[in-house]
Structure formats: structure tokens, C-alpha cells
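Participant: One-letter residues, chain by chain:
Protein chains: 2
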Amino acid sequence: MDKLTIIKVGGKVVEEPESLDALLTQFNKVSGNKILVHGGGRTATEIAGRLGIETKMVDGRRITDAAMLEVVTMVYGGLVNKRIVAQLQAQNCNAIGLTGADLDLIRAKKRPVKDIDYGFVGDVDEVNSSELRLLINENIIPVIAPLTHDGNGNLLNTNADTIASELATELAGHFSVYLFYCFEKRGVLTNPDDESSVIYDLDISLFNKYKNEGVISEGMIPKLENGFNAKLKGVKEVLITNAENIATGRGTRLV
Amino acid sequence: MDKLTIIKVGGKVVEEPESLDALLTQFNKVSGNKILVHGGGRTATEIAGRLGIETKMVDGRRITDAAMLEVVTMVYGGLVNKRIVAQLQAQNCNAIGLTGADLDLIRAKKRPVKDIDYGFVGDVDEVNSSELRLLINENIIPVIAPLTHDGNGNLLNTNADTIASELATELAGHFSVYLFYCFEKRGVLTNPDDESSVIYDLDISLFNKYKNEGVISEGMIPKLENGFNAKLKGVKEVLITNAENIATGRGTRLV
Chain A
1 MDKLTIIKVG GKVVEEPESL DALLTQFNKV SGNKILVHGG GRTATEIAGR LGIETKMVDG
61 RRITDAAMLE VVTMVYGGLV NKRIVAQLQA QNCNAIGLTG ADLDLIRAKK RPVKDIDYGF
121 VGDVDEVNSS ELRLLINENI IPVIAPLTHD GNGNLLNTNA DTIASELATE LAGHFSVYLF
181 YCFEKRGVLT NPDDESSVIY DLDISLFNKY KNEGVISEGM IPKLENGFNA KLKGVKEVLI
241 TNAENIATGR GTRLV
Chain B
1001 MDKLTIIKVG GKVVEEPESL DALLTQFNKV SGNKILVHGG GRTATEIAGR LGIETKMVDG
1061 RRITDAAMLE VVTMVYGGLV NKRIVAQLQA QNCNAIGLTG ADLDLIRAKK RPVKDIDYGF
1121 VGDVDEVNSS ELRLLINENI IPVIAPLTHD GNGNLLNTNA DTIASELATE LAGHFSVYLF
1181 YCFEKRGVLT NPDDESSVIY DLDISLFNKY KNEGVISEGM IPKLENGFNA KLKGVKEVLI
1241 TNAENIATGR GTRLV
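Protein sequence lines correspond, in order, to chains A and B.
Each residue of the first sequence is one higher than the one before, starting from 1 at the first, in our numbering.
Each residue of the second sequence is one higher than the one before, starting from 1001 at the first, in our numbering.
Some hints here could point you the wrong way.
[Stated by the list, open to error] A few chain B residues facing chain A, derived, Cβ under 10 Å:
#1 1052
#2 1075
#3 1086
#4 1098
#5 1149
#6 1150
#7 1151
#8 1172
[Said to hold, decoys possible] Subject to a maximum C-alpha distance of 30 Å in a straight line, what follows is the list of computed DSS-like cross-link-like pairs (lysine-lysine):
#9 A/110 - A/29
#10 B/1109 - A/29
#11 B/1236 - B/1211
#12 B/1003 - B/1236
#13 B/1209 - B/1185
#14 B/1109 - A/109
[Claimed, not checked] DEER-style ranges, computed between Cβ atoms:
#15 A/58 - B/1052: 44 to 54 Å
#16 A/234 - B/1221: 54 to 64 Å
#17 A/28 - B/1052: 32 to 42 Å
#18 A/66 - B/1056: 28 to 38 Å
Rather than coming from a laboratory, the hints here were simulated on the basis of the structure.
These numbers were taken from a predicted model, which means no experiment stands behind them.
Beta carbons: idealized from backbone N, C-alpha and C, even for Gly.
Full structure from sequences and hints, please.
Facilitator: Given below as C-alpha cells:
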């Protein structure tokens, strides 16, 4: 099977012009088929603030009422996505920006209300990759915003890490998939203040140990759970790294 | 050659949920290959206002400074485009939302400053339809926002009527193209208050006569000029009509 690299990028990397530029230059060096999945949370928070819309987060997840859904549709689907596409085109990389509604790519269900009402947040039901594969086979580079749809005309806000792992597991049936989570650090660190404390090989028992000890915490936990899940479902390699290392492949490797 | 219908929709039709819904229902009835090109000007004005950004128009064209470019990227490329895509998907219409940056579809040049500095407004240089045709031939329905790019990483704001006519003339080499401009009225009217005063057949000399008499004025003039230009360049039919008549084909026909 052909190789396909899926790179998820979030945090400050996409929000600051210089770091985005550096990322896209590295992304362009990744050979073969590739997909970029992006977040854009802090830009959404900033635009929401300017519109007088309050941002509410629970465990790092955004509560998405109707007004916030408008904001994330504008920011993720428009501002961040199309800026990345235009910049990739400037590097002769034939990008196309998509959400989960385009090509019926990702259907989701509005998250049921239990203790918390997340609002218009979607849990992925189904990835339909047939047209996406057609694009990939034409050497087109999909750039995917963290939005899904419910099939009834509604867009939904879905975590970008989840989008990346769902795409990876679906595409693992058609490609040899390498899934990279790219953020500010060189990998999962045992000491967040020491960039040399990268855990190079992380297996599930070590992950559980570090999780129980509080060494791995907060947003890194669902990211790694998504990653281990993707490995179990046939994704060939899952790597946590920074922009400088997406072409070299150094960082934390899930084993 | 296969038939391809390009429908440009703007004004109130896209901005109010009920009229957009009615439009998309009619759009779905148009048989064969089709493309939807949309505006979204008043939504951009509204969002800009809420962000404290002043809207400046000259002869119906939006002055697009850096802050306004962010707004139109969010509103045209994100909010309006992705809502339409999600609603079409709900009608089993396999839509994909694009700007001129996606697939390197439409390159433009920032308009030179003469008397007026329009800012980040793009005049179309080149339409590259090869991948677009690939999508059309897969029965995918492109939904196109009025944004272009300059090939150097910058998005530009380009009038939706112009986008529609440029796409139509480029695609006329590959399809038998029908270009419909859809707005609130049943066609070009000799009396704007009388919906029964539709001019059914409009040729260039009649257009010039009405223009000189002031019967045809304002935004309708560049729209019709775009339309006549498209006819000259091989577009089979150009029609000005409302949402109810895009499937019937009644309205003002350029001859």
C-alpha cells in the first residue's frame, strides 16, 4: 500500500504567522501523499471575544452554543483553513480546504447531554473517504478543518485530534498511514520544562503509569488515547512531535 | 458537450435562512452538472459591524483592508460557504465548498491603485479548471465563495458575479455552459416596482438604450456586462432570474 502521512497541527503553531509559515515549509518537505488537519482554538476564542461571545471550556473542550458554532465555522472553516490553503499554494503545493461536510466526508451526531451540555459538538459516526482518496490519488493535498455535519444540514464542532485519528483509521484500509500530532514541544516530555526529557517510545503500560503519576496530564491524555486507538485499528505509526521534526520523524512514538 | 449550469446567487437570497432554503431546493431540481457561486455581502457587513470594522463601499464594491479581508475570508469562505454545503448534503447533493485558492482554481492580481485604493480586491488573471472538472465528472457539486488568491499566499476579495462569468467562460471550452444570475427579482425589470415588467430578451443595443435612459442602473450594469462578455466568449446561455425560476429557466435572457 502507498504511504500516507496525516499531520495534525494545533496550538500556537497555527495561530502565529511565523510558526505557521515554518510548519508549512516543513510540511512541504514530507514526501508522498499527505493530509493536514488543523485546529484553531485560540483564534476562535479571540474572534468570539471581539464579537462579545463568551468562551466556556470544560476539560479543555469548547462549549459550542449557536453563536459559538457561527464563530468556529467562520474561523476554522474560513479564516484558518483558507489561509493555510493559500500559503501552501504559494509553495506549489496543490491544497484543498475541506470540512467534514464537504464531500460528506465526516458525519457526526450531536453529543447527548449528560452532566454537561456541550452544545453543537459532534461525535464522529462515519468517515466516507471515497472522494477524499480520489483527490489524494490526484496528488492534491487535503487541509481539513475540525468541523463535521449531521446529515440534516447542521455543522458540528469536533476536536481536531479526533478528526485526525478517525481519518487515519478509515484510511488505514487503503494506505500505510503515518499519523503525526504536531504541537509546540519535541514530544511527550517527562518534565514539561525540559525539552530533552522526550519519551521516545511510549507503550500503553508506560502511558498508564505516567498518567497515574500525573506526568502525562490534561490535553495530552485524550490525544494519546486517540493515538493508541488509531494504532490498534491499523495505523502504522503514531508520532507526537513539533513542526521542526515532522519531516525527520523524531519525537514520541507510540509502540 | 455535456451541459453545465452555473448559478450565481447573491443578495438577500443567501442571507435569510428561509430564502436560502428555498433556493437550495430549486437548485437541487436543476438536472445535470452544476456549480453554485455565492456572495454574502450583507452578512460580511453585519459581522464586520459587530467586530467594530467599518464597511466602505464605492460604486457597490467593497473596500477591503486587512481587517475586512479577515472578515470576508471568515464569512464567505467559512460561514456562508459551509452552511450551504451542509444544507446541500442534507438534500443528498454531494457538495464541496471551494474558494479560488483551493486547487489553485482562480488566480488574481491585487487591483492597482488609481483614484481609489480597493485594498485586497483581486482582478482575475487565470482560471485553472482541470481539478474542478475532475470533481464535476464525479458528480460532485462545487459551491464557490467569492475569494481568489495571488499565488504568493494572499487571499483576495473578488466580486461573485465576476467569479461566475470567469468560471463560465473557462468552462465553455469543456461544457455547454448555462450561466444563471439569481437574485430577488424575476429578471431585469423596466419598472423596479413591477415584477411583471420583465425584459425577456435583452440584446446589447437594448441594454445600452436602457442604460443610457437610466432604466438599468447600479449593480445590474456590471452584472449584465459580465453576462454579455460571457456570451461573447462562448457561454451558451445567460439568464437573470430569481430562485423560483432557476429550474424553469424563465427570466431575462441575454441574446
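Participant: Which earlier hints turn out false for this structure, listed by number in ascending order?
Facilitator: 8, 9, 14, 15
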